[in-house]
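Hey, can you work out the whole structure from these sequences and the hints?
Chains as they are written, first to last, in the UniProt record's numbering: chain G, 1 to 69; chain X, 1 to 69; chain S, 1 to 69; chain Y, 1 to 69; chain L, 1 to 69; chain D, 1 to 69.
Honestly, the hints are just simulated from the structure, not real lab data. Since the model is a prediction, treat every value here as computed from it, not as a measurement. The C-beta atom is built at its ideal place from N, Cα and C for all residues, glycine as well. A few of these clues could be false.
Estimated spans, in silico, between C-beta atoms of each pair [to be verified]: (1) 65(L) to 12(Y): 31 to 39 Å; (2) 27(S) to 12(X): 15 to 23 Å; (3) 30(D) to 10(S): 50 to 58 Å; (4) 17(D) to 69(L): 49 to 57 Å; (5) 12(S) to 11(L): 43 to 51 Å; (6) 63(D) to 12(Y): 24 to 32 Å.
A partial selection of chain D residues facing chain S, derived with a Cβ cut-off under 8 Å [claimed, not checked]: (7) 1; (8) 19; (9) 22; (10) 23; (11) 26; (12) 32; (13) 33; (14) 34; (15) 37; (16) 38.
The chain contents come next:
Number of protein chains: 6
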Amino acid sequence: MPYVNIKITREGATAEQKATLIRGVTLLLRDILGKNPETTVVTIDEVDTDNWGIGGDSVTVRRARERQG
Amino acid sequence: MPYVNIKITREGATAEQKATLIRGVTLLLRDILGKNPETTVVTIDEVDTDNWGIGGDSVTVRRARERQG
Amino acid sequence: MPYVNIKITREGATAEQKATLIRGVTLLLRDILGKNPETTVVTIDEVDTDNWGIGGDSVTVRRARERQG
Amino acid sequence: MPYVNIKITREGATAEQKATLIRGVTLLLRDILGKNPETTVVTIDEVDTDNWGIGGDSVTVRRARERQG
Amino acid sequence: MPYVNIKITREGATAEQKATLIRGVTLLLRDILGKNPETTVVTIDEVDTDNWGIGGDSVTVRRARERQG
Amino acid sequence: MPYVNIKITREGATAEQKATLIRGVTLLLRDILGKNPETTVVTIDEVDTDNWGIGGDSVTVRRARERQG
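Below, the structure written as structure tokens:
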């Protein structure tokens with residue numbers, strides 16, 4: 001019955017990777033806490049890099065700075 | 001003053017259906033808990049079926065399996 | 001399969017009121033969008049009035065101001 | 001280490017405005033609570049006006065009504 | 001840089017189980033999507049069974065019904 | 001009309017600090033995006049250090065390690 005929300009930057013995760021992530025998180029909750037996989041819900045939010053900040057800057061700005069070295 | 005977030009799979013809910021849902025949830029909170037509709041906020045997230053998992057599989061995979069019988 | 005999160009201030013909602021709210025929201029999603037009640041999940045967060053702000057003030061401060069007239 | 005999620009209606013916020021918002025929230029958390037900016041995460045969700053309700057109506061409906069006076 | 005929120009019912013998960021879950025989710029995101037564990041944040045919300053609904057009933061009610069057979 | 005959710009570890013933030021944070025975030029949204037403070041909602045979740053992970057460890061474990069040098 002757990003509910004899991006995963007937020008990542010939108011940078012090209014494939015449907016296969018997301019399916020693997022859903023499967024993996026669901027099994028972790030079964031193995032560690034005995035939660036029933038049938039009612040475990042996982043949602044993934046892919047967030048534009050303009051809309052994700054860390055260290056006071058957007059990821060867009062950080063990526064541009066990294067590229068400039 | 002309540003805040004409600006509703007997550008559904010993105011499968012064609014219309015603006016009218018979403019408006020009906022917003023109205024309905026707002027009135028429930030007024031009728032059951034006496035909450036003021038004027039400051040009740042409702043947001044709806046429509047999530048791609050690749051990004052929603054239940055039972056360890058994405059909804060995309062489940063839908064494909066159902067179609068195959 | 002929808003997931004609904006309801007945030008309200010912690011001001012004495014009873015278990016019965018919360019059960020009525022869970023039932024009501026689940027039926028709305030069935031009636032408006034055809035969602036399966038069996039896999040509809042609703043969580044309710046009760047938030048201390050110190051931790052809820054509207055109009056730039058915490059609800060604790062607003063309630064105190066209202067009492068003073 | 002704080003995590004902040006900001007939801008606004010999708011009505012044309014620019015990358016510059018969002019970057020300013022990320023910076024401002026991060027510094028508030030440093031100044032008020034002593035939180036380390038390096039590990040402060042901010043995400044911004046821009047929500048379609050059909051999917052945002054207040055006062056029992058979607059923002060789309062409210063905006064239309066305002067325009068009609 | 002991912003952010004993960006896990007909601008479970010409050011039913012006695014230990015600090016060790018929660019630490020194992022945090023570790024496991026962080027490593028999944030590294031292994032599947034190449035995400036940096038150092039900036040991966042995981043929060044766990046434990047929700048009272050009165051405040052969690054599935055199938056239109058609170059978990060409190062469902063547990064009582066199960067005990068009665 | 002924005003909705004902001006702030007998650008911090010539960011480590012003694014005072015009501016005054018939280019009120020200052022609510023005020024500050026509300027004014028940022030007014031100043032940067034022109035949002036109406038009257039309908040801006042801010043909620044603060046204080047999360048136990050056992051329930052917050054970063055870098056694959058709970059904050060409880062990290063704090064213990066830091067104390068040991």
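Verification of the hints:
1. Remark: the range hint 31 to 39 Å for residue 65(L) to residue 12(Y) is contradicted by a beta-carbon distance near 50 Å.
2. Between residue 27(S) and residue 12(X) the beta carbons are some 21 Å apart, a value that agrees with the proposed interval 15 to 23 Å.
3. Checking the proposed 50 to 58 Å range against residue 30(D) and residue 10(S) shows it is violated: the Cβ atoms sit about 27 Å from each other.
4. For the hinted restraint 49 to 57 Å between residue 17(D) and residue 69(L), the CB-CB distance of approximately 51 Å keeps it satisfied.
5. At about 24 Å, the beta-carbon gap between residue 12(S) and residue 11(L) misses the expected band of 43 to 51 Å.
6. Taken as a hint, the range 24 to 32 Å is violated for the pair residue 63(D) and residue 12(Y), whose Cβ atoms sit roughly 43 Å apart.
7. For residue 1(D), the interface hint is violated, since its Cβ never comes within 8 Å of a Cβ in chain S; the closest pair sits about 11 Å apart.
8. Given hint, residue 19(D) at the interface with chain S, holds; its Cβ is 5 Å from that chain's nearest Cβ, closer than 8 Å.
9. For residue 22(D), the interface hint holds, the least distance from its beta-carbon to any beta-carbon of chain S being 3 Å, beneath 8 Å.
10. The interface hint given for residue 23(D) holds, since its Cβ lies 5 Å from the closest Cβ of chain S, which is under the 8 Å cut-off.
11. Because the beta carbon of residue 26(D) sits about 4 Å from the nearest beta carbon in chain S, less than 8 Å, this interface hint is met.
12. Annotation: interface hint on residue 32(D) violated; nearest CB of chain S at approximately 15 Å, more than 8 Å.
13. Taken as an interface hint, residue 33(D) does not check out: its beta carbon lies about 15 Å from the nearest beta carbon of chain S, beyond 8 Å.
14. A least Cβ separation of about 15 Å between residue 34(D) and chain S goes past the 8 Å threshold, and the interface hint is therefore violated.
15. Because the closest C-beta pair between residue 37(D) and chain S is about 5 Å apart, less than 8 Å, the hint holds.
16. For residue 38(D), the interface hint holds, since its Cβ comes within 8 Å of a Cβ in chain S; the closest pair sits about 5 Å apart.
Hints 1, 3, 5, 6, 7, 12, 13, 14 from the list above are not met by this structure, while the remaining hints are.
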